[in-house]
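Undergrad: Sequence:
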Amino acid sequence: MRWVATIVGWVGAVIHLSAAEPPREWVVGGVPRQAIIHAPGAGTAPAPLLFVFHGHGGTAAHAARTYAFHTHWPEAVVVYPQGLNTPGRLSDPEGKKAGWQAAAGDQQDRDLKFFDAVLKSLTAEANVDPKRVYATGHSNGGGFTYLLWAARGETLAAVAPSGAVPPRAGGTTLTPKPALHLAGKTDPLVKWAWQERAMDGVRKVNGCDAAGEPWAKAGDLVGTEYPSGTGTPFVALTHPGGHTFPADAAKLIVKFFQAHPAK
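First residue of the sequence shown: 2, per this note's numbering; consecutive thereafter.
Read the hints as simulated data drawn from the structure, not as lab findings. Each residue gets a CB set at the ideal place from its N, CA and C atoms; glycine is no exception.
Think about it this way: if two alpha-carbon atoms lie no more than 25 Å apart in a straight line, the pair counts; the simulated DMTMM-like pairs of lysine to aspartate or glutamate are:
(1) Lys-178 with Asp-201
(2) Lys-97 with Asp-107
(3) Lys-132 with Glu-76
(4) Lys-98 with Glu-26
(5) Lys-98 with Asp-110
(6) Lys-192 with Glu-226
(7) Lys-205 with Asp-188
(8) Lys-192 with Asp-93
(9) Lys-218 with Glu-197
(10) Lys-114 with Glu-155
(11) Lys-192 with Asp-107
(12) Lys-264 with Glu-226
(13) Lys-178 with Glu-76
(14) Lys-186 with Glu-214
(15) Lys-98 with Asp-117
(16) Lys-121 with Glu-155
Beta-carbon label-pair distances, calculated as ranges:
(17) Thr-45 with Thr-176: 28 to 36 Å
(18) Gly-31 with Glu-197: 36 to 44 Å
(19) Ala-125 with Glu-214: 35 to 43 Å
(20) Gly-31 with Thr-225: 42 to 50 Å
Please model the complete structure; the sequences and the hints are all you need to start from.
TA: Right, here's the structure in full:
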């Protein structure tokens, strides 16, 4: 079945789409866009809404299978959007693989508009809590998560980019917001030094304390939380590996999001 955001509604009920079923479709700027949606059954409590963005060259289906955020947060509506072919900043300069715009204004802001369309339709059609909208993503998807923070920060309760740095171009001003950054200390693509500078910058934006404190551990993942007097803490979630999204990362990101609804 073909789903078009401008004409289809859920009439207040939430359906369940698995990775094996056809994704839902939106038409944005005349271009079909798709996303896989995992959602709880219809209930009375408004559900959190989580966007999960795959990396450059990835797919929504692969992200749903491997990141599997919906298995760690079954009460949430979890959206795995599918990117379009996009020139990469660190690889694939010809844009033969799927990804996300790297900065405000790139590709006529097609991916920011896609986010807007999905958010608008799901908020209108499903029982979604507008104070619990979250975004995460790995690599190019993590960079897009940073861009969403800068360009659509008022809609997000918290963010969790992975293996990424904020965009350098215009429209990238970050405002204080609870944030978690996942980084591998031997990342050969998005260098640890780059991500370390990014994390330092986020702590300053969020007005965090200089000293961190233990937050959580899982496998090789170690979390350090930097409290903030304004209620916008930062968690550095690190591991000794490279440009990867560790198996235990999703459950810790969900733990962070669950602790931070919008005020």
